[in-house]
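A.B. asks: Each of the two chains sits in its own frame; use the hints to bring them together as a complex.
Here is what each chain is made of, one letter per residue.
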Amino acid sequence: MTQLIRGRVWRFGDNVNTDVMAPWDTISQPWEEARHRVLHIRHDFVDGVRPGDVIVAGRNWGCGSSREQAAQYLKNLGLAAVVAESFGRIYFRNSIAIAFPNLACPRVSDAFEDGDEIEIELETAIIRNLSKGKELQGQPYTPEMLEIVEKGGLMALLKERLEAGRL
Amino acid sequence: MAMTMAEKVLARASGHDSVSAGQYVTATVDRIMAHEAFAACCFILLSNGLSKFHDPDSVVVVIDHWYPAPNVQYARVHAACRQFAEKFGVKNYLGGAGVCHQVLPEQGFIRPGELVLGTDSHSTAYGALGAAGAGIGLTEMAWVLATGSLWMQVPPTIRFRLTGRPGAALMSKDIILHIAGHFTTEVAQYASVEFAGPVAGAMSIASRMTMSNMAAEIGAKFAFFAADAKTVAYLRGRVEGEPRTFGPDPDALYDADYGVDVSGLEPQVACPDDPGNVRPVSAVAGTKVDQFFLGSCTNARLEDLEVAASILRGHYVHPASRLIVTPASCQVYLDALKAGYLETLAEAGAVITASGCGACPGSHMGILAPNEVCLSTTNRNFKGRMGDPESQVYLASPATVAASAITGQIRDPREVWSGTPLAEGATR
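Note that the protein sequences, when read in sequence, are chains A and B. Counting with the numbering used here, you get residues 9 to 175 for the letters of the first sequence. Counting with the numbering used here, you get residues 169 to 596 for the letters of the second sequence.
Heads up, some of the hints might be wrong.
Claimed, not checked - Computed spacing ranges between beta-carbons, pair by pair:
1) B/G427 - A/P38: 47 to 57 angstroms
2) B/K456 - A/D33: 44 to 54 angstroms
3) B/P224 - A/E129: 50 to 60 angstroms
Unchecked claim - Pairs of lysine-lysine, DSS-like flavour, derived with a Cα cap of 30 angstroms:
4) B/K259 - A/K167
5) B/K255 - B/K220
6) B/K220 - A/K83
7) B/K220 - A/K159
8) B/K456 - B/K551
9) A/K83 - A/K142
10) B/K255 - A/K167
Simulated from the structure, these hints should not be mistaken for laboratory data. We put the CB at the ideal spot given by N, CA and C, even for glycine.
Chain B on its own, in the form it takes in the complex (with noise of 0.2 angstroms):
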């Protein structure tokens, strides 16, 4: 029976030839990831008198929500991961690296094909690398940790086939955002998400990932680009063995097939306080930003910060403003650092802060007074997500970012940069 790439997956996973839509499996879990809260997993596990992993070399463990630790609080909990990473015996502990996101991919935990479970609402970015990721909670991730598998129920498939020619200053967060504000923030509910087409074929791998990310915003279980040359090159040598292409059967079943044509679609903006409030950037240009935000699993990578400097070379973020720069991983912010991208960023003015999620949950490193408001290239604009319940975020492109920062005020980056990471072969 012909079968979507969620499908697959969970027929695999769960030990059956096939599956489909509706059916309810418990699924075997090739990749576990634990951030933060990983210290609570297994604080409720020993409190129920188990004190062993089914298999802890499945297990990656991440400290990025609170890294550096702003308090003794969170010191403690950091504490707590380290002595029960060597209590479980996961070998896989890599403290600070960064962002989980950005961090499991880089470091060869992630291939095509494989179901990933996180402790974090946006592992669907998996998908970016045509793996099936996505976030459960803490009473979940301890069962996980303890069984080694999952019920799940096979989510129907929703295909976007990406087409068009993107224009000038257009990259991949504008798509999803567009995608958010006019399929709704349901859109995906309860269901997988598989990016076809040929934009989607000619999108970097960090392109890729950004929307696979901020696919858990509108409702998504599982957000897929099929692997495949792209996907291997980037895999090889990160992962062990020859890396292997995956995609849906031709004539598998989707619930709903949606064409987006992004020819002429301008940078878009998600204005407070739902990623599905969004509009083109030329609505809101002119709104004044006092902190200007490029970082988080969203859209801090190299392609990112590259776009970012190349748009704030020679120019310099507006007085009454600031901007944050949190690369999303060590790796990242090392890479940046080599290629000059942090020294222009510097040069411009930017606070440059150590990888982590920072101020993009509310953290630390750039809290938001009552009435601020921030452009962000994070994925959420709730109510008070970034500090006090009455300041305001909206959500954009590193490009109208970094373009909004020179002048304080949003702003169409196209007035200042006509490049894009989403022409083929444009970028890595």
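Just chain A, with the same shape it has in the complex (with noise of 0.2 angstroms):
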């Protein structure tokens, strides 16, 4: 069955890398404190973003760090999901650990502008601008990642296998 994500989306550029997502000092700040500083190159992002509303971006969107933090607080936000054109790798691979949607679509960028309406069908990464009648056709996940992504992260895959004794 596939997963429909619909949501407002907020449009960003190329190369917005992990650093501008979770700046260094905020790591070892509570939640409440951290949050106001997410993604602090565009002023209107934290106040303005609503749960379930969606990030769609250029290239190498999170490029950088390994910290996590950069696709948790996202995540935190109650951001329901990023397309992007291409993603940094380790920010790609930590969206999917903790179970955040996050897909590659090229062309996307010029697709769609602030306020659009977005609908993901997560399974197939079909991509439509429902305020603009466009449909596209993003990365699919593999089948492992959908699993992970669809179980809720790698500690609940964990979790389940070491209950299941096949850790």
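C.D. replies: Put into structure tokens, the structure is as follows:
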């Protein structure tokens, strides 16, 4: 069964790095303090973002550090997904590990504006702009990645295997 | 079937005769490196009911990102790392021996052909010794600690053949900055890199480490140099047994094969706020600098301190600026002390700090104020990386940083130095 994600779009550009998603000194801060600094390069973002919103970004989203907080903070803010043209590889793996849907989709950047309504079929990676009536084909997760995301992340999978005595 | 270095490592690690780019495998990890993130990894494992590692002897724990602890919060993280290391039976707890990417090779934990995963994006550095080093996040690390393996996609490989005659003051940092600028910071996205060619062969292990380390900035998953006689000489006495050479099959398939001729290459500088925003030093000469930083896993090895000392000998850091020197490890510190480099740098007015990551990620020992400018030997100059979001970071080689420190502004190191560690036999 295909999981459908629907939400309001926030647009970001190319090469948005982990350091601006999760500034270094926020890593030791409680979430209530840290949240005000997430993606500080766009001043209206943190106060305007609502649970269920979706980020549409350009190339190399999440380049840089291995800090998992970059993906975790976005998930904490209630974002439902990120669709980007490409990803920094560690960020991308981290997002899978914590079950935060992130899909790559070529040319997605030009297909959306701020505030557009997006629909994502998680299994098939079909991306629709409901506001503009466009459809794009993203790169689907492999069955293994999809399993991790749908089970709720690597730790949920680990727990399941532990309980089944398969570790 | 002919294989690249990445394919060879992942074939062996996943129990296949051969694998090829694009294939998904479950790979057994030979060496696991965790820094301060170790505490969080252990915490989430325990909270999921897991109290045992798959193989504690494969794990090395290093405390480097906030060492020595700058505040109570990190003192508690460090204390948790020590307690968890003991609880989970990790013998290889190296405490504050320096930056992980210097300490693991230095203490013989990295071997050619092995798969090394670390909780740090610059784990690509281990490729300098022919190992497949890659960074992962803390949840994946928790999985690896529990299971000893991880799913991986066999990456395509991009080869950079380094040729030509390195000019005055050129360092390997200039070459990797040039690659990031010319080929973009996405050229190796999801791919493995092999640095090859005569210039790569002539490089010292320290110079190779700089390039493999910074390959994280061009998106690389792994960043290999073939393990050759030089690698073997470096490893002998550090690892158990006789080290072996390791390289790609001669007819391995590359996704792309780029020639990089370093002849006439000018020293390079990455301008704010991206490691790919690279210009020749002459284009930014004269930029006023508040803080000079010679440190990090990229460029604070003995070779780097030697270059800086030879440039700063008999000179003084400009009074309007400051120079902070953070040796990559305690061993480097000691070697540089004995060689007189630290004395020379101190006489020139440098502040010499304890080993660790220090100012590089904005941890401590050199945080920038709003609108301050830093010229740094580190690997990243993202907005706000080393302090206030309105501060600016330029990246350059140790030679460029040392030469610029004298005038307090960015300066072509060729004005004061005609050496290069890249010439065959120039240094270690």
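A.B. asks: For which of the previously enumerated hints does the structure constitute a violation, in increasing order of number?
C.D. replies: Violated hints (numbers, rising): 2 and 3; every other hint is consistent with the structure.
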